[in-house]
Each structure stands twice: as structure tokens, then as C-alpha cells.
Amino acid sequence: MRSDEELMSAVAEGDLSAFEQLVRRHQGTAWNAAFRLVGDVHAAEDIAQEAFLRVLRAASRYRPTAAFRTYLYRIVTRLCCDHRRRIVASPSGDVDAWPSQAPLPEDVASSQEVHSSVNKALASLPARQKEAVILRYYEGLSYTEIGQVIGATRKGVERLLARGRAALAGKLSELLEE
Amino acid sequence: MRCDRAQILMDRYLAEELPAVEREDLESHLRECPGCQQQLAQLQTLLGTLRSVPAPPVPQGFVGRVMVMAGQEIERQGPLVQVRPRPASWWRHGVTPQQIGFAAALAAGLLVGVMLGHQTWQHSARTSTIDRPTANVQVTDAENVYLIDYLTGTPRGSFPEIYLSLTSVDSDQEF
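Those sequence lines, one after another, are chains G and W.
For the first sequence, the positions run 1 to 178 when the numbering used here is used.
For the second sequence, the positions run 179 to 353 when the numbering used here is used.
Treat the hints as calculated values from the structure; they're not laboratory data.
Think of the CB as a built atom: it goes at the ideal place given N, C-alpha and C, for glycine as much as any other residue.
Mixed in with the good hints there might be a few duds.
Here chain G is said to cover these stretches of chain W; the calculated rule only asks that three of the stretch's residues, wherever they fall, bring their Cβ under 8 angstroms from a Cβ of chain G [to be verified]: (1) 198-209; (2) 214-223; (3) 240-253; (4) 285-291.
With a cut-off of at most 25 angstroms between alpha-carbon atoms, the simulated SDA-like pairs for lysine to any residue come out as follows [as the list claims (entries may be wrong)]: (5) G:Lys155 <-> G:Glu50; (6) G:Lys120 <-> W:Gly242; (7) G:Lys120 <-> W:Leu221; (8) G:Lys171 <-> W:Met188; (9) G:Lys155 <-> G:Gly140; (10) G:Lys171 <-> G:Ala127; (11) G:Lys120 <-> G:Thr29; (12) G:Lys171 <-> W:Ala198; (13) G:Lys155 <-> W:Ala198; (14) G:Lys120 <-> G:Thr65; (15) G:Lys171 <-> W:Arg183; (16) G:Lys155 <-> W:Pro237; (17) G:Lys120 <-> W:Pro237; (18) G:Lys155 <-> G:His42.
All chains, full assembly: derive it from the sequences and hints.
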């Protein structure tokens, strides 16, 4: 299996099938990060699509100074930032964007409540804290990788995460005590 | 180890990212500090709660839509392979208002410098070739005093002509 960097080289040579492989391989990465950051399925799809188109446009200038995944996260994060500037953020995550049409069993309804509370708490974080928290706890990036994505030092990431965790613990205190 | 340091390290401890020395220090602190034990348990609960929230699956047909858009992009922009010399970094990233201001200030400074140099050159040429007025002749003409003889010969009623008439003393009236 070709590495991301090899695929990017092929894309730069005009190989669209290599681009398709990259999209297939990283669609989840782009989509999940975009959804977590903007909390809206439609906006997340637009952002994920645009991120891949930017990858395509920039293929000839791409230099593998960091992992391709980090590079993609950086594009997605910037697009989400632009989106936030354009749109007044909804105070809650778009949990209802993929609702079950059938009546919910009690345990599912309860988990929906948890999801809604968590999404609201995440949405209320300042942008940089939210980016750091999502990249760390949902995308599993290291402090160094997060720093590369959001343009912060390792110490800065440490601080953002500490503040983000403290804010989330406060907002979700009722949930956490149950 | 202090509690505040321990609490910062807990996140990487749970992710098993701590180097052995720091991990052992933290574990040693945790054994003696019930407060930090509680903090660690709370952090585990918080992270568990956060991670219990799934993202919806990638929309069906996502890859196909991206590929269609990629095809359209290539139709619009031409083939992917475009070997062009890379322009200088300042040009690639655009010119900022500060850079424009700096360039304008530099150009203005150069212009003033050239004009001053030209005027100084004219003045030194004049003083070396033209006889200075003798002591018994009062030079009151602005043309001579301020070396603005380049304003002479301007049309009547023009600003330079008015300026000269205001700043010059009519020798007929004065003497």
C-alpha cells in the first residue's frame, strides 16, 4: 500500500486515482474533525469536500514536512475557523441532524441527552480550546501534532487542554456526578 | 512532585505517552496524594463521557461527490501538473498594507533626498559663479533670498506669481 506522501507525489503528477485513494483513506478524518468543530452535518460535508479540493490544488506545492494527516487537519481547522467567522455558531452541536425517526428507548434517549450536553459544552468553549480538545480527545493527536495543526507551542497546547478540561468538567459536572 | 504538575501530566499518563521517569514520578505522587487520585478518576470519567459521543458516519457518496468536484476543478483550472517557477514568497502571499506603506515612505524619502540634493547642487553652483550682492545692496527679493528663481516667468495670476509678489519687496517702493 502506498503511503500518503507517495500518493501526494502521484497526485502532483496528475494521477486522479491517487487522489481518490487519499480521499477514501482520510474521509473519516476530515469529516469527523469538521463535524466536531462546526457541529453541523451540512457545513461539515462542505468543509471536508473543500479540504480535499485544497489538497488537490496544492498537491504540486506539497512538501511532506509533517504527516499528511496533520496537514489535512490543518486545512480542516482553518476552514472551520473561516466558517465560524461567517456563521454565528449555534449553541449546540447538531445532534438532531441524524435523529432516529422511531421513538427512542429510555437508555438511548438518555444517551442522546448525554450527547447533547457534551456537544453543548464543547460548543461553548473558546475556539482554540475547542480545537485542542477535539484534536486530542476525538482525533487522538499528540501535543506536538496539535501544535502543528493550530500553530501553538507544546506548552501552549498543554495550557489550552488544561483550561478546556476544566471548563468541560464545570459544564458537565451534573453529568459526571451521576 | 507538586499537585499542579501532577494534574498537568495526568492527561498524557492516561494516554500512555509519558516517558518512564515522569510516569514513575507521577505514580509515586499518586500513591501519596488522595486529592490527585480523585482528580485522575474525574479526568477518566470526563474523557470517557466525551468519547461516548460518536460523530455521525461520513455521508454516503462523499468520495464520489469529491471526485466530481475534483473533475470540475480540473476542467476549470486545467491539468494538475503545472510546472511554474515559484514566485518570491512576498508575491505569493500578497502584499500587506504595511509593506505598501513602507514602500511609499521609502519612495517619498528618496524623492525628498533627490530634490534636496538637486537644490544644494544648484545653490553651490550659483554661489560659485554668480557674484554675491555687495553689502550696500539689500537683497529683499524672495527669488534671491530663498533661491526660488525657478518661479519666475510663471503666468500672471498663477499661484507662483502671487507667491512671488507677496514675498518680494518692490524695490521701487522701498527705495
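Evaluated hints:
1. For the segment 198-209 of chain W, the proposed coverage by chain G is not satisfied: 0 residues have a C-beta within less than 8 angstroms of a C-beta in that chain, short of the threshold of three.
2. Check result for the segment 214-223 of chain W against chain G: holds, 3 residues qualifying (beta carbon to beta carbon below 8 angstroms, three or more required).
3. A stretch counts as covered by a chain when three or more of its residues have a beta carbon under 8 angstroms from one of that chain; for the segment 240-253 of chain W and chain G the count is 10, and the coverage holds.
4. By the rule of at least three residues with a Cβ nearer than 8 angstroms to a Cβ of chain G, the coverage given for the segment 285-291 of chain W is violated, with 0 such residues.
5. The suggested pairing of Lys155 of chain G with Glu50 of chain G is violated, with an alpha-carbon distance near 31 angstroms, which exceeds 25 angstroms.
6. Between Lys120 of chain G and Gly242 of chain W the CA atoms are separated by roughly 32 angstroms; this puts the pair beyond 25 angstroms, and the hint is violated.
7. Using a Cα cut-off of 25 angstroms, the hinted pair Lys120 of chain G and Leu221 of chain W holds, with the two alpha carbons roughly 19 angstroms apart.
8. With a CA separation close to 20 angstroms, the supplied pair Lys171 of chain G and Met188 of chain W stays within the 25 angstroms bound.
9. Restraint check for Lys155 of chain G and Gly140 of chain G: the C-alpha separation of about 18 angstroms stays at or below 25 angstroms, so the hint holds.
10. Proximity of Lys171 of chain G to Ala127 of chain G is assessed by CA-CA distance (about 16 angstroms); at most 25 angstroms being required, the pair is judged to hold.
11. Taking the CA atoms of Lys120 of chain G and Thr29 of chain G, the gap is about 22 angstroms. The hint holds against a cut of 25 angstroms.
12. Of the supplied pair hints, the one linking Lys171 of chain G and Ala198 of chain W is violated, its CA atoms being roughly 34 angstroms apart against a limit of 25 angstroms.
13. Distance check on the hinted pair: Lys155 of chain G and Ala198 of chain W sit about 20 angstroms apart at the alpha-carbon level, within 25 angstroms; holds.
14. Restraint check: the Cα-Cα separation between Lys120 of chain G and Thr65 of chain G comes to about 36 angstroms, which exceeds 25 angstroms; the hinted pair is violated.
15. Of the pairs offered as hints, the one joining Lys171 of chain G and Arg183 of chain W holds, with about 23 angstroms between alpha carbons and a cut-off of 25 angstroms not exceeded.
16. Proposed proximity of Lys155 of chain G and Pro237 of chain W is contradicted: the alpha carbons are some 36 angstroms apart, above 25 angstroms.
17. Annotation: proposed proximity of Lys120 of chain G to Pro237 of chain W holds, straight-line Cα distance about 23 angstroms (limit 25 angstroms).
18. Restraint check: the Cα-Cα separation between Lys155 of chain G and His42 of chain G comes to about 34 angstroms, which exceeds 25 angstroms; the hinted pair is violated.
Checked against the numbered hints given earlier, the structure breaks hints 1, 4, 5, 6, 12, 14, 16 and 18 and satisfies all the rest.
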